[in-house]
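When you get a sec, could you build the whole thing from the sequences and use the hints?
Residue numbers (UniProt numbering), protein chains in the order written: chain F, 1 to 437; chain U, 1 to 293.
Careful: at least some of the hints might be erroneous.
To be verified - Lysine to any residue pairs mimicking SDA-like chemistry, simulated, CA-CA at most 25 Å apart:
1) U:Lys-148 with F:Glu-76
2) F:Lys-190 with F:Leu-309
3) F:Lys-264 with F:Tyr-248
4) F:Lys-371 with U:Met-256
For the record, the hints were derived by calculation from the structure and aren't laboratory data.
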Amino acid sequence: MIRSRAGLSAGALLLAASLGLAACGGSDDSSSEEGADAKVLSLWHYEGPNSAMGIAWNKAIEEFKSSHPGVEVKFEEKSFEQIQQNAQMILNSDSAPDIMEYNKGNATAGLLSKQGLLTDLTEESSKRGWDKALNSSLQTTTKYDDDGIMGSGKTFGVPNYAEYVEVYYNKDLFKKYNLQVPTTLDEFTKVMDTFVQNKVTPLAVGGAEYPAQQILYSLALSKADRAWVDDYQLYKNKVDFKGPQLKYGADTFKQWVDKGYIAKNSAGIKAEDMGVSFTQGKFPIMISGSWWYGRFVNEIKGFEWGTFLFPGNKLHPGSSGNLWVVPEKSKAKALAYDFIDITMKPEIQALLGNNGGVPVAADAAAITDPKNKELIENFNKVSGEDGLAFYPDWPAPGYYDVLVAGVQGLINGSKTPDQVLDEIAKPYDENLADLGK
Amino acid sequence: MTVTANRPKTEPEPTVRAEKRANPVRFLVLAGLLALLLIIIAPLLIITINAVKSPADYASGGPLSLPPSLYWDGIVDFWNRVDFGQKLWNSFITSFTVAVLGVLLSVLNAYALGIGKVKGRLWFLVFFLVANLLPQEVLVYPLYFLSKEAGLYDSLISIVIIFTVIQAAFGTYLLTSVYQEFPTELLDAADVDGAGKLRTLWSVVVPVSRPTLGVLFTFFFIWTWNEFFLPLVFLVSNDNQTVPVALGVLQGDRLMDVTMTSSSGLIGILPALLFFLIFQRTLTRGITAGAIK
Numbered sequence: 001m002i003r004s005r006a007g008l009s010a011g012a013l014l015l016a017a018s019l020g021l022a023a024c025g026g027s028d029d030s031s032s033e034e035g036a037d038a039k040v041l042s043l044w045h046y047e048g049p050n051s052a053m054g055i056a057w058n059k060a061i062e063e064f065k066s067s068h069p070g071v072e073v074k075f076e077e078k079s080f081e082q083i084q085q086n087a088q089m090i091l092n093s094d095s096a097p098d099i100m101e102y103n104k105g106n107a108t109a110g111l112l113s114k115q116g117l118l119t120d121l122t123e124e125s126s127k128r129g130w131d132k133a134l135n136s137s138l139q140t141t142t143k144y145d146d147d148g149i150m151g152s153g154k155t156f157g158v159p160n161y162a163e164y165v166e167v168y169y170n171k172d173l174f175k176k177y178n179l180q181v182p183t184t185l186d187e188f189t190k191v192m193d194t195f196v197q198n199k200v201t202p203l204a205v206g207g208a209e210y211p212a213q214q215i216l217y218s219l220a221l222s223k224a225d226r227a228w229v230d231d232y233q234l235y236k237n238k239v240d241f242k243g244p245q246l247k248y249g250a251d252t253f254k255q256w257v258d259k260g261y262i263a264k265n266s267a268g269i270k271a272e273d274m275g276v277s278f279t280q281g282k283f284p285i286m287i288s289g290s291w292w293y294g295r296f297v298n299e300i301k302g303f304e305w306g307t308f309l310f311p312g313n314k315l316h317p318g319s320s321g322n323l324w325v326v327p328e329k330s331k332a333k334a335l336a337y338d339f340i341d342i343t344m345k346p347e348i349q350a351l352l353g354n355n356g357g358v359p360v361a362a363d364a365a366a367i368t369d370p371k372n373k374e375l376i377e378n379f380n381k382v383s384g385e386d387g388l389a390f391y392p393d394w395p396a397p398g399y400y401d402v403l404v405a406g407v408q409g410l411i412n413g414s415k416t417p418d419q420v421l422d423e424i425a426k427p428y429d430e431n432l433a434d435l436g437k
Numbered sequence: 001m002t003v004t005a006n007r008p009k010t011e012p013e014p015t016v017r018a019e020k021r022a023n024p025v026r027f028l029v030l031a032g033l034l035a036l037l038l039i040i041i042a043p044l045l046i047i048t049i050n051a052v053k054s055p056a057d058y059a060s061g062g063p064l065s066l067p068p069s070l071y072w073d074g075i076v077d078f079w080n081r082v083d084f085g086q087k088l089w090n091s092f093i094t095s096f097t098v099a100v101l102g103v104l105l106s107v108l109n110a111y112a113l114g115i116g117k118v119k120g121r122l123w124f125l126v127f128f129l130v131a132n133l134l135p136q137e138v139l140v141y142p143l144y145f146l147s148k149e150a151g152l153y154d155s156l157i158s159i160v161i162i163f164t165v166i167q168a169a170f171g172t173y174l175l176t177s178v179y180q181e182f183p184t185e186l187l188d189a190a191d192v193d194g195a196g197k198l199r200t201l202w203s204v205v206v207p208v209s210r211p212t213l214g215v216l217f218t219f220f221f222i223w224t225w226n227e228f229f230l231p232l233v234f235l236v237s238n239d240n241q242t243v244p245v246a247l248g249v250l251q252g253d254r255l256m257d258v259t260m261t262s263s264s265g266l267i268g269i270l271p272a273l274l275f276f277l278i279f280q281r282t283l284t285r286g287i288t289a290g291a292i293k
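Here you go:
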């Protein structure tokens, strides 16, 4: 291997620049006692103060203060955007916090772990039993290998909550047309047929953002098993986009559009507008994530509503929520571990659940609110079957926009299902080639 | 160029006026202008409507419905949640400092380039123009490493320095072309009176071009006030953040809080709007004003 001197020094410079000072910290943190005597714990997250996470974490901060007298907690509420854009730069500087919330995924937590900016929590996680509280599909997003790809390797984060896609329905409208909650995909189709016959468009869909692709993915999952999800998400084997899963998903989605379950104009609808149209009672059904739950509890006043899991599916789009990560530059690592431990305690988990969140390690009996009980029982069912299948846009960088464009083509009829499958297979395969798989 | 000579006649002939009033075209034009005005202020109106609407009303009525009662909690909650007073002060102090320093730097540069006619001034101007055209995304990494080395990362000073330079690049470019047309009679007169280069600058050039400088000052202030990207990168601590960065707090991963976002948007643009109203007179005086009095 011969390189020119200039190339070598440029490479070295690039390496030094990208890794920065991060590498220095890695050598001497053998014990979990590091930073135990710190007097300040700076903590960042980006959840609103009234969200389930915001409420539960505020309580956790209070508990931390009472169990650690003399330690000042410097909490700052950050914007999602700021962390998303700048985490790498911030964690590489002296302004890094001691513990923070961060997005799970290859492009976020995976990338930072690869650059050595996050602390390896593997040892701490087994010592304190965090790993036992999380089932295997929840753990997928906490582990990243040397290339920053999730699913195996060291643990770099701990999630407190989870999210999954389910079906929201308007009970009043179901009653009006004498409909029962469907338990199979056939029954679900019949329910939607009834609405169409009565000139009601059944599904609220936001085609301009994530909701539409999650419907297509749910349909694909109805024909899939865990091995297929591992192939698609974790690159275990090559995925055939014209295979029975995705082909079924795209074809059925197209049928749903043709039959009028999905309005043609929903190609341009944003997720927020989809949610509002459901809260206004304009659509009887909405297929989307548990993140709407707390908001609907507070805001839907005009009608009764409920949820059920996508009928007939064992696998559902969903994953762990965002992670607590400890930056490599944290000056109070031991305190950060203590804080994570508090957030995993049953009372904090129950508080999360009682405020419309989906706790990862909650006892359903501890959830007193009947509305939230439904949410958590559904989740426990999914989780018990190890049924979290992640999101369709995870496998490749920039894949979200590819999927949005593809599904929009299906909704407005400008592309056939086969064309769409070809279109979304290309970036997926290119990413595989980039990864050398 | 004189200002006084070409002032339009303020009083048209009475007969002409009567004729014009009867002309139906005038009403059409008026109606058209009103419609245009409505389109322009529509976004502001919608923000205002949603800012004083409760989340439940928004959920049941949608974005265009009128709120049944005024709901101020959104604004109050947002103010307290992000400590908005602090953000206002941060924004004001950085924008003001940048505006003052930017104008000062532009004047000094433009005096050398436009009136001093230093060698290679065309290339200087091309350089400043290119600096203007560079997208900020390109500058982020170099600036990040520089500011980290200088210990200015996460500090308002870094933002002041960066934007003073960015704004002064535009200011220099604009002001140089203004000063190239500067009346040589004035400069000669100053020279004859025995004024040195500095004296000429402060006592002749600056007073004559004051309206232009006022315009630059106003623009620099508003532009810096509205900057989002670089402050987002450089102002890490909440105590250092500016108004536009603070507004970002409400944009979540998947959910947004429309009513509170509108509230924050409303109180976010009010200061810039106020500033604009106060200084609009300097703006209307024209960007290339200058005269032999």
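Outcome of the hint check:
no.: 1; hint: U:Lys-148 with F:Glu-76; result: holds, 21 Å
no.: 2; hint: F:Lys-190 with F:Leu-309; result: holds, 16 Å
no.: 3; hint: F:Lys-264 with F:Tyr-248; result: holds, 20 Å
no.: 4; hint: F:Lys-371 with U:Met-256; result: holds, 22 Å
When the structure is compared with the earlier hints, no violation turns up for any of them.
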